[in-house]
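**Q** For the sequence shown, position 142 (counting from the first letter as 1) is numbered 170 according to our numbering, and the numbering increases by one without interruption.
Because the hints were derived from the structure by calculation, they are not lab data.
A virtual CB, placed ideally from N, CA and C, is assigned to each residue, including glycine.
Some clues are possibly wrong.
What the hints assert, rightly or not - Just the calculated beta-carbon pair ranges, DEER-fashion:
no., residue 1, residue 2, range
1, A258, M79, 33 to 39 Å
2, H169, A220, 30 to 36 Å
3, P166, P143, 17 to 23 Å
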Amino acid sequence: MPADAPASPTVTAALLVIGNEVLSGRTRDANVQAFATVLGERGVRLREVRMIADDADAIVAAVTALRAAYTYVFTTGGIGPTHDDITTDCIAAAFGLAVEVSPEAERRLREHYGPEGLNAARLRMARIPVGAALIDNPVSHAPGFRVENVFVMAGVPRIASAMLDSVKHQLAGGAPVHSRAVTAYIREGDVAEGLGSIQDAFPTVEIGSYPFVRGTRIGTSIVARSTDVAAAEAAVAQVAALMTALGCPPEQDGSFDATTGSASSWHDAAD
C-alpha cells in the first residue's frame with residue numbers, strides 16, 4: 029500500500045496488462061472481467077486498466093505511477109521463459125532491487141519438470157526480485173511474486189485466475205459493493221434526463237447505463253452500485269418507476285448481460 033495512502037474505506041486497484049501480443053490483436057485479453065469480479069467480492073475497486081507493450085521503460089514508468097496511486101497493483105504477462113518476458117526485471121527496476129534465482133522457485137520448477145526438463149529457458153522463470161514473496165501457481169508451477177503492493181502474475185487467463193485465487197485472502201478489502209440492475213426495452217436517450225435526476229438524488233450510488241440490441245429491439249440496462257445496499261435498491265426502484273412512466277416497464281425474463289443483449293428485471297449484478 030502506498031505510504032501516503034489516505035485513511036479511507038475505499039480500497040482501490042489497477043491492472044497492468046503487459047504484452048505485444050495483446051496490443052497486436054493476436055491475443056484477446058480475458059483477465060479484466062475475472063479480476064474485477066474477484067476484487068469486487070473482496071471489497072477492492074478496480075479503478076484502472078492499462079495495456080502496454082513489452083517495453084522496459086514503459087513498464088517501469090507504469091508500475092511506478094500505479095503503485096503510488098492505488099492500494100494494489102496487479103500485472104499480467106511477461107514472466108515466461110522467452111527473451112521478451114521482461115516483466116520481472118522491470119518490476120525489480122521499479123523498486124530498485126536486484127534479481128536472483130529463488131531457491132524455492134527453482135525447487136518448484138525442478139519438481140514439476142524433472143531434472144532433465146528444467147532447461148535454461150525454464151529456469152528464467154525462477155528469477156525473482158530480491159525479497160519478493162512468491163505467488164503460488166497450481167497450474168504450471170512457475171510462481172509469480174509480490175513486491176510491496178504489486179502482484180506480478182502470468183498472462184494466461186487460467187493461470188492468472190489461479191494465482192489471484194491464491195492471494196486474494198491477503199487483500200485488505202474495503203466495504204463490499206452491492207449492485208442492483210433493472211432493464212427495459214427503452215432507448216438510452218429516452219431515459220437519460222430522468223436518470224440524471226435520480227443520480228443527483230443518490231450521490232452515494234454509482235448509476236451506469238448500458239444500452240443493448242437484441243434482435244431488432246433496442247433496450248437499456250441501468251445498474252446501481254453502492255456500499256449502501258438500501259440506497260442501491262432505492263435508486264433502482266426509482267429507475268424502474270421512471271421506465272414504467274415512460275411506457276416501457278422493466279423486463280422480467282432472466283438475467284441481463286450487456287454483451288449478449290439478454291434482459292432482466294432487478295437482480296444482483298457482479299461488480
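**Q** That 17 to 23 Å hint for P166 and P143 (C-beta), does it hold up?
**A** 22 Å Cβ-Cβ, so the 17 to 23 Å window holds.
**Q** Take the C-beta atom of A258 and the C-beta atom of M79, compute their distance, and say whether it sits inside 33 to 39 Å.
**A** Because 37 Å falls inside the window, the suggested range holds.
**Q** Taking 30 to 36 Å as the hint, is the beta-carbon distance of H169 and A220 inside that range?
**A** Between H169 and A220, where Cβ atoms are some 51 Å apart, the hint is violated.
Of the numbered hints given earlier, the model fails hint 2 alone.
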